[in-house]
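K.L.:
The lines below spell out each chain.
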Amino acid sequence: MEAKHKKYNYKEVLTAGIFKENPIFKLLLSLCPALGVTAVLVNSVGLGVIILVSLIMTNTIIAIVGKFVPDEIRIPAYITIIAGVITIMEMMVHAFMPDLFAALGVFLSLVVVNCIIMGRAEAFAAKNTVLASIYDAIGNGLGIIFALAVIAFFREFFGRGFVDFGFFRLNVFPQEYAIGFLVQPMGAFLMLGIIVGIMSTIAVGKNNQKKAALKSQKTATTKAKG
Amino acid sequence: MELFGIFIGATLVANILLAQFLGICSFIGVSKKSSSALGMGAAVVFVITISSAVTWLIFHFVLVPYHLEFMRTIVFILVIASLVQFVEMFMKKYMEGLYKALGVYLPLITTNCAVLGAALLNIDRTLSFVQTIVSGFGISFGYALVIFVFSTIRERLELSNTREGFKGVPIALVTASIMAMAFFGFSGLGG
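Residue numbers (the numbering used here), protein chains in the order written: chain A, 1 to 226; chain B, 1001 to 1191.
Treat the hints with caution; some may be incorrect.
Stated by the list, open to error - So the derived label-pair ranges between C-beta atoms look like this:
1. B:1159 / A:19: 28 to 38 Å
2. B:1149 / A:8: 41 to 51 Å
3. A:165 / B:1128: 19 to 29 Å
4. A:201 / B:1032: 31 to 41 Å
Simulated from the structure, these hints should not be mistaken for laboratory data.
All residues carry an ideal CB built from backbone N, CA and C; glycine is no exception.
Please put together the full structure from these sequences, using the hints given.
P.N.:
Have a look at this one:
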C-alpha cells in the first residue's frame, strides 16, 4: 500500500500534537473534559493519562483494521472499537483506582464521544502505518495531558491558593485570598478563555512581526532598486 | 408537580452546558449564527428526548435482567448512532420540511457528548420511565435555550471592538463564563 512507502518524520508526528496542533488549545476539540474535570490537578492528569492510553490502543487497532473496513460503515465500526476500549479502561480504573473513578464520574464514560479520539482515528490512523499511528497517539495524548494540567494548575493556583500535586502540596497564599469562583464551573470557561486568548495574542504578535519584517525587506529592496 | 420540578431542575439548575460541561464542542462550534444554533437546538431536543426513552427501555428490560450493566456505554452509543440514522431516514421520507431544516445537524449529533451524557445521567439518577422522558426533554430544552441565547450574544460580539488576540473563541468563552454565573443564580430553585 501507499502508506508503507511514505517516509515519516517521527519526531514531527510526535511534537505536532503537543504544541503546533494541540487538541485543546489550538484545535478546540475535547473541551468537555477541559472544563469539567480541571478543578483538581490530580484528577485532570489522571483523565489525561486515561485518554492517552485509550488513544494509543484505538489508534493501533484502527491502523491495523482500517484497511479492511468498507468506507460506508467506517464510523459505526470505529465507534464500536472505541467504545470497547473505553469500557475496558473504565473497568480497569474502577478496579484499581476507585478514588479516581468516583471523582471523574460520567466523564470517564464520555471519553467514547471525545472528539479527539474519533478525530485521530479518522484523520490519521485509518490512513497511516501502525507505528506512525502510535507516535501520533502519544503526541496527541501528551498534548491533552499538557493542556489539562495547565488549565487545572492555574485554576487551583488562583482558586484555592495552593496546588496539590498528589505527593506534595505547594502553598502559595492563604485560602482567604483565593478567588473561589475559579474552581466553580463558571471559572472554567473564564480560565480557558483567558489561556486561549493569551496564546492567540502571542500568535498574532508573531505574525505581525513576520509581516513587519517582510515589509521592511520589501521597502529596502524597492529603495535599493530606486 | 414533581415532574415540573424535574423539568426545571434539568433545564435551569443543572443546565447541561453551563453547569455540567457536556456538549461544549457543539456549543462553541455551532453558535456563530443564531439560525444554525436554533436548528442544532431543535435537533438535539428531538434526539435526546427519544434517546433517553429508548435507552431507559433497553437498560431496564435488556441489560439489567441479563446482568450486563457494565456494557451500557457501548450499547448506548450504538443505540444513539443507529437512532440518529433512523430519525434521519424517517424525516427524509415523511417530514421533508423538517428534514431540510435539521438535516445538516443530525449527523453531528452522534458525537455530541450531551446525548450520551444525558442518557447516562438519567440512568444514574434511577428515574421512572415518565420521569426519564421529562428529564430528557428538560435537559435538551436547556441546551437549546442556552445555545440560542449564546449565539445571539456572539452575533453582537462579532460587531464589537475586541482585542485582536481575543477575537472569536476566547471572548466567546469569557462570555460563556458570565452566562454560567447568571445560571448559577438558579441553583437556589432546586431547593
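K.L.:
Taking the beta carbons of residue 1149 of chain B and residue 8 of chain A, is their distance inside 41 to 51 Å?
P.N.:
holds, 46 Å
K.L.:
Taking the Cβ atom of residue 165 of chain A and the Cβ atom of residue 1128 of chain B, is their distance within the range 19 to 29 Å?
P.N.:
This hint is violated: roughly 44 Å between Cβ atoms.
K.L.:
Could you check the hint for me, namely that residue 201 of chain A and residue 1032 of chain B are 31 to 41 Å apart, CB to CB?
P.N.:
violated, 21 Å
K.L.:
In this structure, is the beta-carbon distance linking residue 1159 of chain B and residue 19 of chain A contained in 28 to 38 Å?
P.N.:
Between residue 1159 of chain B and residue 19 of chain A, where Cβ atoms are some 33 Å apart, the hint holds.
Consistency note: the structure conflicts with the earlier hints numbered 3, 4.
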